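**Q** In order, the protein sequence lines correspond to chains U and P. With this note's numbering, the residue at position 53 of the first sequence is 35, and numbering never jumps. With the second sequence counted from 1, adding 6 to any position gets you this note's numbering.
For the record, the hints were derived by calculation from the structure and aren't laboratory data. Just so it is clear, the structure is predicted and the values come from calculations on it, not from any experiment. Among the hints, erroneous ones may be present.
Only pairs whose alpha carbons sit at most 20 angstroms apart, straight line, appear in this in silico EDC-like list of lysine to aspartate or glutamate [claimed, not checked]: (1) U:Lys70 to P:Glu225; (2) U:Lys70 to P:Asp224; (3) U:Lys(-7) to P:Asp110.
Each chain, written out:
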Amino acid sequence: MMVLRESIIMKIHYGTAIGALFLTVIHIMMRLTQDFHESLQYENVIANYESVGYALLLELLLILISVHGFNGLRVILLEMNQGPTYEKVVTYGCLAAMAGLITYGSRTIIMTSMGMV
Amino acid sequence: MVTIHPKLSNELSQTVVSSTKSVKLKIKRSNPNVNSDEKFDEFVVPIEKWTTVLDSLLDVKSYLDHSVGIRYSCRQASCGSCGMKINGKLGLACFTKISELDSDTVTVEPMDNYPVVRDLVVNFDRMINNHKKIMPYVIREDSEIDAESGVREFLQSPKNVEKYIQFSNCIKCGLCNSACPTMAMDKSFVGPQALAQAYRYIADDRDKGKNKRLKIIDESHGIWRCHFAGSCSQVCPKGVDPAMGIQLLRGYLLGIRD
């Protein structure tokens, strides 16, 4: 049923975890470029989004965390129950949820970075 | 009701009784073919320093209740037949001395993660099927019996033997599969026993079936569902480390081992 072998999926799983960890560290360090409290003020957050580099970082972070998180959820659900139909529903359900979250998150990032918010 | 061994109940009237100690043996009884009832029967049995759980169970069968269901054969931890839960811990009944349990009560139950046939006997079908699935034999195109040169041997270096020798000690007792938390959840999981055996043959340089085996275990209920709890290695009575075998197999699949 699966297009990808499980080892390929798990390589992606581990890779996205390492990537997300690295980008999260950068993301947190960006808070420290100024006073932490100040960096979370509305104007500063919007200004961050309007920087192309930062918007790309957020987009990448969104993709990595979504892929990793939904694959993790798929693995948990596959252990809880078995059967070809169930596995198909879980796999495609997680893929759809992942695509939905990435689309919605990307929409927010793009709209904010373009000053539409 | 507690049934007392005749050796103990007649102790005063008998001339010489070598055993001075006794334990209460609680045996979990069930027969799913008849009904879903489960109960513990209690027996008081004499023990010596060397008495194993299997000895006591056979004592019960001989003198107190012939109907206790138990599977055993070699009595020396070679056949892997008498795996069970002893005071909550998995072990071979023939390899567990009662004196070492340090308890006046010994509770024996069938292994988890297997369907119970009767009392302490469980059904090994799932383990045996998974074991067969990974092709536990040397796969080669050529044969040790050759029409031209007669019989020859596939030679192997001691260094290569070192890579897998501990995994050859597996006696298929099923304790590792019983201890595995993934086996409890995922009814399709291939299990630590089969995975350790897959490593045993893949690491053997006489074998040419590496890709076939890796393909079998690289599926949604294969090797990646192991969470490395390590309980399989902890309970193995033969010192096999299936958890390590699984990590080494993952190395092949991740491309960090040849």
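**Q** Out of the numbered hints, which ones does the structure contradict?
**A** When the structure is compared with the hints, only number 3 turns out to be violated.
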